[in-house]
Amino acid sequence: MWSWILAWFRKRYTVTVSYDTKFGNVDDKTFRGVRKIKKSTWKELIFVTADKKLISVRSASGLHYRIEEE
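Each step along the sequence shown adds one to the number in our numbering, with nothing skipped, and position 12 is 12.
Among the hints, erroneous ones may be present.
Restricting the straight-line Cα-Cα distance to at most 25 Å, the calculated cross-link-like pairs of lysine-lysine (BS3-like) are [unchecked claim]:
id: 1; residue 1: K36; residue 2: K11
id: 2; residue 1: K43; residue 2: K29
id: 3; residue 1: K53; residue 2: K29
id: 4; residue 1: K43; residue 2: K53
id: 5; residue 1: K52; residue 2: K38
id: 6; residue 1: K52; residue 2: K36
id: 7; residue 1: K22; residue 2: K52
id: 8; residue 1: K52; residue 2: K11
id: 9; residue 1: K53; residue 2: K11
id: 10; residue 1: K29; residue 2: K52
id: 11; residue 1: K52; residue 2: K39
id: 12; residue 1: K39; residue 2: K29
id: 13; residue 1: K53; residue 2: K39
id: 14; residue 1: K29; residue 2: K11
None of these hints come from the bench; they were simulated from the model.
As the structure is a computational prediction, the values presented were derived from the model and not from experiment.
Make the full structure from the sequences, and use the hints.
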């Protein structure tokens, strides 16, 4: 029961990363249940997924990403 109450107060995010300038293409990747955003700059995005994996996405020409609260 306590885990349900704690889960209600924890923020989770949905992160969508696009490697070109258009969202909704074949190259988009979506990560659901992201626990924490560690670093978000225009060339690098680092976050922790729901299963506690550290994901780092980089691009020399700049990233296009969307972070939404669940």
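Each hint, compared with the structure:
A threshold of 25 Å between alpha carbons decides the hint, and for K36 with K11 the separation of about 8 Å falls inside it, so the pair holds. The straight-line distance between the Cα atoms of K43 and K29 is roughly 16 Å, inside the 25 Å bound, and the hint therefore holds. At most 25 Å may separate the alpha-carbon atoms for a hinted pair to count; K53 and K29 meet this at roughly 16 Å. This hinted pair checks out: K43 and K53 have alpha carbons roughly 20 Å apart, not beyond 25 Å.
Straight-line distance between C-alpha atoms of K52 and K38 comes to about 12 Å, which keeps the hinted pair within the 25 Å bound. For a cut-off of 25 Å, the pair hint linking K52 to K36 stands: about 10 Å separates their Cα positions. As the CA atoms of K22 and K52 are separated by approximately 29 Å, the hinted pair breaks the 25 Å bound. A distance of roughly 15 Å separates the Cα atoms of K52 and K11; the hinted pair therefore holds under the 25 Å criterion.
Only pairs whose Cα atoms come within 25 Å are accepted, and K53 paired with K11 is accepted, the gap being roughly 17 Å. For the given pair, K29 sits about 18 Å from K52 by alpha-carbon distance, which is consistent with the 25 Å threshold. A hinted pair counts as satisfied when its Cα atoms are at most 25 Å apart, and K52 with K39 qualifies at roughly 16 Å. Restraint check for K39 and K29: the C-alpha separation of about 18 Å stays at or below 25 Å, so the hint holds.
A distance of roughly 15 Å separates the Cα atoms of K53 and K39; the hinted pair therefore holds under the 25 Å criterion. The straight-line distance between the Cα atoms of K29 and K11 is roughly 20 Å, inside the 25 Å bound, and the hint therefore holds.
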